[in-house]
Structures are given as C-alpha cells and as structure tokens.
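Peer 1: These are the residues of each chain, in order.
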Amino acid sequence: MPYILNTENDRQAMLRAIDIESAEKLFSFIPASIKAKEYLLDKGCSEFSALQKIKAQAAKNTTVNEKKSFLGAGWYDHYVPAAVFDIISKPQFLTAYTPYQPECSQGILQAIYEYQTYMCLLTGMDVSNASLFDGASALAESVLMGLRIAKKNKVLVLKGINPQYENVLSTYLGGTTYIIEEVKTIESAISKLDDETACFVFQTPDFFGVINEPDEVISECKKYGIITVNVVNPVSLGILKTPGERDVDIACGEGQPLGAGLNYGGPGFGFMTANIKYVRQMPGRIVGKTLDLDGKTAYCLTLQTREQHIRREKATSNICSNQSLNAITAGVYLALMGSDGLSNVANICYDRAHYLYNRLGEIKDVRFSVKGEFLNEFVWNVKDAFDVLACMSDKGVYAGYLLGNDYPDMKDSVLTCCTEKNSKADIDFFVNKLKEVLDGV
Amino acid sequence: MGCKVIFDITMREKKNSYLPEFSCGYALPEKFKRKELCLPELGELDVIRHYNKLSNKNFSVDTHFYPLGSCTMKYNPKINDYIAGLENFSALHPLQPIDDVQGILEVLYTFQELLCSLTGMSAFTFQPSSGAQGELTGMLIARKFHELNGRRPSKVIVPDTAHGTNPASAAMAGFDTVIVKSNDNGLVDINSLKDIMDESVAAIMLTNPNTLGLFEKDILKIRELADKAGALMYYDGANFNALMGVTTPRMMGFDIIHLNLHKSFSTPHGCGGPGAGVVGVTEKLKDFLPVPIVVKDSGRYRLNYDMKKSVGKLRAFYGNISVLLRAYTYILRLGGDGVKRVSENAVLNANYIKEKLKDDFKAPYDDICMHEVVFSCINQKEKGITALDIAKRLIDRDIHPPTMYFPLLVKEALMVEPTETESKETLDYFIDIMRKINSEVETNPSIIKNAPVTMPVKRVDEVRAVRDMDFRWHKDGD
Ligand SMILES: Cc1ncc(COP(=O)(O)O)c(C=O)c1O
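Top line first, the protein sequences correspond to chains A and B.
Read left to right, the first sequence gives residues 1054 to 1494 (the numbering used here).
Read left to right, the second sequence gives residues 18 to 495 (the numbering used here).
Simulated from the structure, these hints should not be mistaken for lab results.
The reader is advised that the hints may include incorrect statements.
What follows is a list of derived Cβ distance ranges for each label pair [unchecked claim]: (1) B:K48 with A:D1179: 21 to 29 Å; (2) A:S1081 with B:S134: 20 to 28 Å; (3) A:E1235 with B:Y99: 41 to 49 Å; (4) B:D177 with A:P1084: 46 to 54 Å; (5) B:D177 with A:D1179: 33 to 41 Å; (6) A:P1084 with B:S463: 49 to 57 Å; (7) A:D1447 with B:Y99: 42 to 50 Å; (8) B:K325 with A:E1074: 30 to 38 Å.
Keep in mind that this is a model prediction, so the values were computed, not measured.
Every residue, glycine too, gets a C-beta built ideally from N, C-alpha and C.
Okay, chain A solo, but in the shape it has when bound (with noise of 0.2 Å):
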C-alpha cells in the first residue's frame, strides 16, 4: 500500500487501544443507504505502471522548445534560471503550509518579507501583499479594494485590458450590483469620471502591447478621490516606468513572467502593491517584521483582522490559501537577475521585438493597425490571419495568437511577443516562413 506505513499488525494494536473490531466500524454511523457498494475506481498502480501511463500521455504534446514559439498575450517564456528550480523545490519550502506558528517557520516569513520588498522596489509603491492566485483575479481583488474604500458604485475600465482579466472582473462581480463600464480612449475616460466612479482600471503596456500613459486620467482621478489600478507586467518594470511614478493607488498583475515557468498556463501568482494609506483594506495575507522576547529581529503574518479567518463574511476577502511558492520563486529569481538582469531580461525583449517588428514591415502583405510605441509584443494584421497562423504552426512556428478570439473585429489581427529565448535566427527564421505561407509555398 503506497505512502502507509503501518503495517496490519500496527492497525490491530490500534484498534484494540480504542476497542473496536475493524477499521470497517469507524464508519458505521454513515447511513448504509449512503455507502459506496464497491470501490469507485479502477485498482491503484506501481509508480512505474503510473509513469509509463502518464509518459505516454506527456508525449502527445509538442512543447515550445519543439518548434519556435512567439506566444505571449498575458502568459511569458522567460528564461529561468537552474539555481531557481534547486531552492524552490527544497522539502522546507515546498512541504511547508502557511507560516502560521512563526517561530517554527522564519526561512518562509522572511523570504515572504523579501519577496513584498522586492515587489515595492519593482513597482515603485509602499506595500506588497504576500500574493494572491493570478494576476486576474488579482485585479479582480484590486477593484474590489477600490470599491471598498472610495464606498461608490461604478467601475471605469480603458480598453486594453486582458480580456481574459475583463472577463474574470465581472464573475468576481457577478453577485454584487456594481457598474463596470468600458472607454475606450482617454478622452471618453475622462469625460466619464463623476462621483459614482470608485476605480479606474488601466494595463500598461496594454493587452496590445502598446506602453500607454493615462497621466491626465490618474490626475483628474484624484480631484474625485477616484482610486485608481494600475495592472502591470513585472518583467517590463525592469525598465519602463513604474506605477509608483504614475503616482497610482494600487498596481496589480500576473507574477509568472518571474520565474514561473510556462506549466500550460499555471501556477503564476498574483500580486498586489498599493500606497500604504490603505494596507488595511488589502486582502491576503502580509509578513510584518517584529522582535521576539529577547529583542531579536523576527517576522510573522500581520494585520491578520482582515482575513477571512477573523473577520469572516466581513472579511476584505475570502482568500486563505495563496500562491505563495511562486511569490517565493519570484524573490529568488529577483535575487539572482539583480537589477541588471532584470532590465536586462526588459531590453532584451524590446530589441527581439523591434527587430521582428522591422523585419514584418518588410512584408508588403503585413500591416500594423495598432499604433504607439511598444515593449515585448505588438499587433499586426494579415488576411486570412487564422490560416496563416495554422500553416506557421504546421511550419515549425508559433507567430502569435490570434485577437479574432476575444475582438470580433479583429480576425486578421495577431498578437506577437518576443523574450530573451527568441535569438536573431529564430526571428529570421519567422519571417521566412511567413513569407512562404503568404507565396503559398
């Protein structure tokens, strides 16, 4: 019997000591109406039968590494690092549950503590959570905070939000009588600010990559006490400006670009960063730095009268478990890359990105319907766009994801992005492919 230790002889010795005949009888008060009749599955396996059966099944995919892989739209292939897989996966780390009892768990509470100051360094605000479960439900969170403190009903959403972030926001809101309405430029947003807005939510760099600046939105927020979200991806904070310097309330967004891993879209993380004037309507767990009885530095969960756990229905969320490992890889990751790494991972991007860009003009049937200045992914247009992708696939490539899925009118639009995995022949490579497939080669 796998992963039991006691052995029969134990489980009689037990069984005895509590003067019962069989395991059989513990059970005895479950109506026998309601008993499974039969085992509910098929018999167990040897972790050898287990693994064969399972191989066989990891070899219909084909990976990214198979062919080359220009996919992003919300979800990134970074590289990471081997030294981050080797301490996230120590047993003190990975078998370890929520640092409840402080004293036996300050390697998790301290490396959650670094884990929020890295996040504050990054995004330019005062105070990180210690992780929520993505970055969608992230924002979901984040406007469900602004609701909280601004006590208005309506949301303002400027276009260029992931759709899939859009789409999580009203479940989230489903069971509440809140308003999200969408703008889809800057003026319309400022021309829809009034005392019923509680938050105004904006991307940047946008779903479409493009690096937008609402600055006169977030200004003319503040004379309504408007909060304002700002989701954001980490990666492009290496370089770009920050939401802390876009003087914002709370930013927000998807943790996996930082050594997460792709894992067929999950575990990333959320996170959340917010200025410090409103830590107590922040949901999810907070390491806080304290002393112990000596005097000594120490750190344990805080502020914990939000949680679900104190407060309950009263609580600023439901939230108990987290993602806390991967806010953890984030740290580790951070740690690693450095500053230097980082904007370098950012620069690296752009360049990739820029180059294919440049290299997409040249192709007289490519157009670029979205305009601006982008990072690591942008927006071009092809007829036919869903058979063009289908015959790069077939020709080794992935060349991006089709926006047709989420925008109706835009089937001939492609989402593109570049990281630091894609070298200058892979890139090269695309764009031969592509102009095949456009000469019906």
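Mind docking chain B with the ligand on chain A? Use the hints.
Peer 2: Same frame as chain A, now just chain B with the ligand:
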C-alpha cells in the same frame, strides 16, 4: 545566528550572465524609462546560501510531524513532483494550438472522469486555485442557477463550526450569511435549521465530516429540508480525506462541491500555495461551470467556451496545471482500493490519538471521530496554560503545532489531524509528548510558558508587528 535580509548582503559587481549577450540594435526611448531600479546584485552562491539558511528555519512535512488540523498535511509523494516537471507538460504555452496539446487535455479529461467517479458529480472545473476560490465559484453558480429559475434567494446558511472562508465566499457572491447552530453533539442542530430554512435560502454550505471531525449523521434530513426550500447543498471538501471511497458527496446529497487537491490529494502546500480547489457539480448545473471545460469529440480533446449559462471565468487560462498533474498521478497510483485505505487509516490514526489523549486533554465530543480530533485545553487554562502555550511547547519537541483556536465553538481548541501517512510510532511519540506537556503544566509551567527555546527565535511579538507596520525592507536613511 540571525539571517541578514537579502538586501543587506554585500553587493557583487559580477553579472550572472544568465542571458545571451547580443543586440539587434534597438533601445527603449528615454521618455518611457523608469527611475533607477535598485535591486541587489548578488552572486549565485550568495543567493543559494541565503535561501538554504532560510529553509533550515522551517518545519515541513518532509522534516517534521505536522498534525495541523483541517489542512491534511500528508506526505507529498515525489513521483508527483517528477511528473509535474516533465518538459512535455511544463514547456506548454496555454495558447498553443489544440492539436499540439492533446496530451495535457487528455490528462485533464481523464482526471475529470476519475474525480466524477470518486465524488458522484457530473463535471468539474479546474480553474479555482484554492478551496476558497472554489467556494466563490460554487456560490456564483448557485446564484445564477436560481436567477435562471426566476428566483433571487438572498441567504446562504453556514454552521457555526464553518471555516472562515465559507461565510467570506458567500458574502463575496453577494449573499447574506445566516448561522445555524450546532447541537450538544457537535452536529448541525436540525430544529434550528428548520427555523431558518425557507425560500430565501439559496444554499447551505457544509463540510462533512465537519470541522469538529464529526460526521453529520443527519445529512439526508438536511438534504430533505434544503430540497423543500429549493436550496442547493454545497460541499466544502476540505475534509474529504475522511471519506474517500467510503461514500460520495453526491450520495450525501450535495449539488456543488470543491475538493482541496492540496489536502486530500497530496499536492505540496508550498508555504501556503499554490493549491487547487476544483469544483464539481451535478448534471443540472453542468452548464454553469466556468469556461472553458475540456470536452472530447470523436477522439479529439478540445476546450469548450460555448456555455451560455456559465458564470464566466475565475482566472486566466485553465488552472494550476502542475498541481493538477500531481493530484492526477496520486489518484492513479492509489486507485479505488488505495483511496479507501487512505480514509480508513486517516480515521484510525485520529481515533487512536483521541483515545490515548482524552484523559489528559478534554475531548468535548464522545463519539468516534473521523480524520481529525479537536481537544479543548480548558482544564489546562484553569492552571494558567493556554492552547497557544501548549502549541509552542510542541515546537521544542520537534512537532509542528496543531491548528489552534478553531473551530470557534470549542474553547482553547487544539485540532489534531495526523493523516494516514504517519506511523503508529510517530503517533506514540506525539501522544507521549502531549502527556509530558500535560504533566509539565503542574510540575514546570514556566518551561511551557517560555517555549519555544530551540528555534532561531523565541516567541514572536505579533502585537508589535501590528503596531510597527513594517512590511518591507528600507535602505538605511530612507
Ligand atoms: C474546512 C475548510 N474549508 C475551507 C478551507 C479553505 O481552503 P483553501 O485554503 O484552499 O482556500 C480550509 C482550509 O484551510 C478548511 O480547512
């Protein structure tokens, strides 16, 4: 022996050169640039030493007995991690063409079928990343289900023993929570339930066994009452480890359930996450699940987004895939016979501890318990020693403390969940230590009050942390 904050380690000049040096000649215009980014530049060995020092300060399942009630800190088999790390799973982008990801979709589809067999449910979503997010999903499904039936019930019932996430999740979904009291046996009081169960109730959330570790024997009566009122039954699967293969949530009458894969299904807790709180529903609620779900048409797997009644999405993409892969591996390994043995052994282990400790620590409920047992330290409290003190003393004896002060119904509660993966030898050690601590209450209370003394820090001043509000490192002088 303290450990420097990573930001105080001596800076290195050397770059770690993890990335190719090469440029196509493009650079970001100045006006988009941030102010200087000040992260420390460290060598790889600096970082490795730092985190190794940190890791050595933690208790974990792999190093310590960890009977943290309600969290099911069972052993996390290593084959699960190995499988999750296979490149053919880990190097998949979530937006790759469906034909290139048939393997992972097959895994998800097969896993879904296994979970359906094990729970009696008809379909699952893998999106929720934790139990709490599963609860929110479930409550949103309940809301939408009633709405499409032209009803707008406003309340959700939760027992006084419920975990905090239950009322918090119901509230997030826009419901008012109503508390149903427990009776003297620690079970939902049926008469109180009758008084509050009416057509304004959308759902009742229960965990079974409940958080006192007791099986809700009247579950079918509760089902009847819910049915009469038109309310749905939500199963908080945090305690499913007691019942796997013995009964199913469906047989118990539940409509919507979540399972904590990071509990019953052995995926590692990772200092608090990532987990997975997969949600299963009965046939009539299938179309309400978040999009997309994995379907199979003539031998080919795909993601179905075409679900008109869906509550929407709970996260980007499909779920914490590497957590799901671990749980899938676990369930294949165990099979139908294995899961039943898990529950039998988990329950036996808990009852053994209860029997052996009930003379020293008050066990407020007489009945046989399920996979966990709640003790009350009120007798010790009268002598000046609290549940917290006892928990801290356990740390000195190399045992991670049980869950403290939960459920709220039990005063000075210590909630012990040994799990099936612990041996009688370990349980006997725990029992012995607990008895010794109880005699120390008389003979040497100060050793308990001062515990722990074997850790890198003594008792931590949590009140001060709230007052100081120090959530991040600052450069000297900042
Ligand atoms: C009974 C019970 N319900 C719900 C939860 C919430 O689960 P999670 O932490 O995965 O959100 C827990 C976990 O602590 C629990 O013990």
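Peer 1: Could you check the hint for me, namely that D177 of chain B and D1179 of chain A are 33 to 41 Å apart, CB to CB?
Peer 2: 38 Å, holds
Peer 1: Go ahead and decide if the range 20 to 28 Å is satisfied by the Cβ distance of S1081 of chain A to S134 of chain B.
Peer 2: With Cβ atoms ~24 Å apart, the hint holds.
Peer 1: Is 46 to 54 Å a correct range for the gap between the Cβ atoms of D177 of chain B and P1084 of chain A?
Peer 2: 24 Å, violated
Peer 1: A range of 42 to 50 Å was offered for this pair. Does it hold for the Cβ distance of D1447 of chain A and Y99 of chain B?
Peer 2: About 32 Å separates the Cβ atoms of D1447 of chain A and Y99 of chain B, which means 42 to 50 Å is violated.
Peer 1: Does the Cβ distance between K325 of chain B and E1074 of chain A fall inside 30 to 38 Å?
Peer 2: Check failed, 54 Å falls outside 30 to 38 Å.
Peer 1: Holds or violated: 49 to 57 Å for the Cβ distance of P1084 of chain A and S463 of chain B?
Peer 2: Once the Cβ atoms are compared, 50 Å apart, the range 49 to 57 Å for S463 of chain B and P1084 of chain A holds.
Peer 1: A range of 21 to 29 Å was offered for this pair. Does it hold for the Cβ distance of K48 of chain B and D1179 of chain A?
Peer 2: Holds, at about 25 Å.
Peer 1: Using the Cβ atoms, figure out if E1235 of chain A sits within 41 to 49 Å of Y99 of chain B.
Peer 2: 45 Å, holds
In this structure, the hints that do not hold are numbers 4, 7 and 8, in rising order.
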